[in-house]
Amino acid sequence: MKGKTIFIIISIIILLLIGCFYAYINALGSMWVLNKPDESPYFVTTKSIIIKNIPLPKGTKITYKKRYFWEKHKQNKLLNEENVTDISFMEGITIDWGGVPITSIHKFFNSEMKGFSVYADFDKLNKNNKTQFSNLWFSCNNNLGITVENTNDWSFNKKNILDIESCGVNNQRYFKEDKNQQRFLDELYSQLMKIKD
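Sequence positions in the sequence shown follow our numbering and run 1298 to 1494.
Keep in mind the hints are simulated off the structure, nothing from the lab. Quick reminder that beta carbons are idealized off the backbone N, C-alpha and C, glycines included. Take these hints with a grain of salt, some might be off.
Quick list of the computed label-pair ranges, beta carbon to beta carbon [said to hold, decoys possible]:
| # | residue 1 | residue 2 | range |
| --- | --- | --- | --- |
| 1 | Phe-1472 | Asn-1380 | 44 to 54 angstroms |
| 2 | Ile-1309 | Asn-1438 | 57 to 67 angstroms |
| 3 | Gln-1372 | Glu-1484 | 36 to 46 angstroms |
| 4 | Lys-1427 | Pro-1354 | 17 to 27 angstroms |
| 5 | Ile-1309 | Asp-1450 | 32 to 42 angstroms |
Below, in silico cross-link-like pairs of lysine-lysine (DSBU-like), each with a Cα-Cα straight-line distance of 30 angstroms or less [to be verified]:
| # | residue 1 | residue 2 |
| --- | --- | --- |
| 6 | Lys-1493 | Lys-1355 |
| 7 | Lys-1456 | Lys-1476 |
| 8 | Lys-1493 | Lys-1427 |
| 9 | Lys-1421 | Lys-1456 |
| 10 | Lys-1456 | Lys-1358 |
| 11 | Lys-1411 | Lys-1362 |
| 12 | Lys-1369 | Lys-1424 |
| 13 | Lys-1362 | Lys-1456 |
Model the full assembly from the supplied sequences, consistent with the hints where possible.
Below, the structure is given as structure tokens:
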């Protein structure tokens, strides 16, 4: 009887270990998928509209957070504006954001952070329109992270912009102990505030 009980316990432990190993392998497998297709729902505008307080031209791709299993890939109509995660303009098309031509805006991935990243195309910036703000942004040669009060407003509304969170990977508010990074972001924010709406 005692031997039978030990055998059952060992069998249960082995089954649990096999189950855990299987779950672990599946988790690793999903991490190793490099080009997993994006199933986020999106809508391509068929006319000029305003989303997140930004006038969007026809052909703009609006991507949304997936809420339901049937919401994936291209949609036939606009979804809830609250769930917008990305706005991307057609290739060759930009809009003005703080005097700088931009190609896309992406909501911060970290849901605890209230803001978005703005991507510029400095090749389309007219030399006559350069400002100290655009020069500083260009020196990062990367996206600009903006924290805002109202997450439903992605426009260049200085009353809504609280700070510049980052400029590329080399200038981040996260690295508080790095005084050079903080000074650069402070100056960038100061120059942003000087741009006319």
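message = Run the distance test for Lys-1456 versus Lys-1358: straight-line Cα separation, threshold 30 angstroms.
response = Satisfied, since the Cα-Cα distance of roughly 27 angstroms is no more than 30 angstroms.
task = Measure nothing beyond the straight line between the CA atoms of Lys-1493 and Lys-1355; if it is 30 angstroms or shorter, mark the hint as holding.
result = holds (26 angstroms)
query = Between Lys-1493 and Lys-1427, is the straight-line Cα distance small enough, at 30 angstroms or below?
reply = Status holds; Cα separation ~13 angstroms.
ask   = Are Lys-1369 and Lys-1424 close enough, with their CA atoms no more than 30 angstroms apart?
value = Violated, at roughly 41 angstroms.
query = Is it true that the C-beta distance of Gln-1372 to Glu-1484 lies inside 36 to 46 angstroms, as the hint says?
reply = Between Gln-1372 and Glu-1484, where Cβ atoms are some 42 angstroms apart, the hint holds.
inquiry  = Checking one constraint from the list: CA of Lys-1411 to CA of Lys-1362, max 30 angstroms. Satisfied?
reply    = holds (15 angstroms)
request  = Could you tell me whether the CB distance from Phe-1472 to Asn-1380 stays inside 44 to 54 angstroms?
outcome  = With Cβ atoms ~31 angstroms apart, the hint is violated.
message = Check the hint pairing Lys-1421 with Lys-1456 against an upper bound of 30 angstroms on the C-alpha distance.
response = This hinted pair holds, its Cα atoms lying about 27 angstroms apart.
query = Using the C-beta atoms of Lys-1427 and Pro-1354, is the stated range 17 to 27 angstroms upheld?
reply = holds (24 angstroms)
query = Does the hinted range 57 to 67 angstroms hold for Ile-1309 and Asn-1438 at CB?
reply = holds (58 angstroms)
ask   = Does the hinted range 32 to 42 angstroms hold for Ile-1309 and Asp-1450 at CB?
value = violated (57 angstroms)
message = Hinted pair, alpha-carbon criterion (30 angstroms max): Lys-1362, Lys-1456. Please report holds or violated.
response = Measuring from Cα to Cα gives roughly 27 angstroms; hence the hint holds.
Hint check: violations occur at hints 1, 5 and 12; the rest are consistent with the structure.
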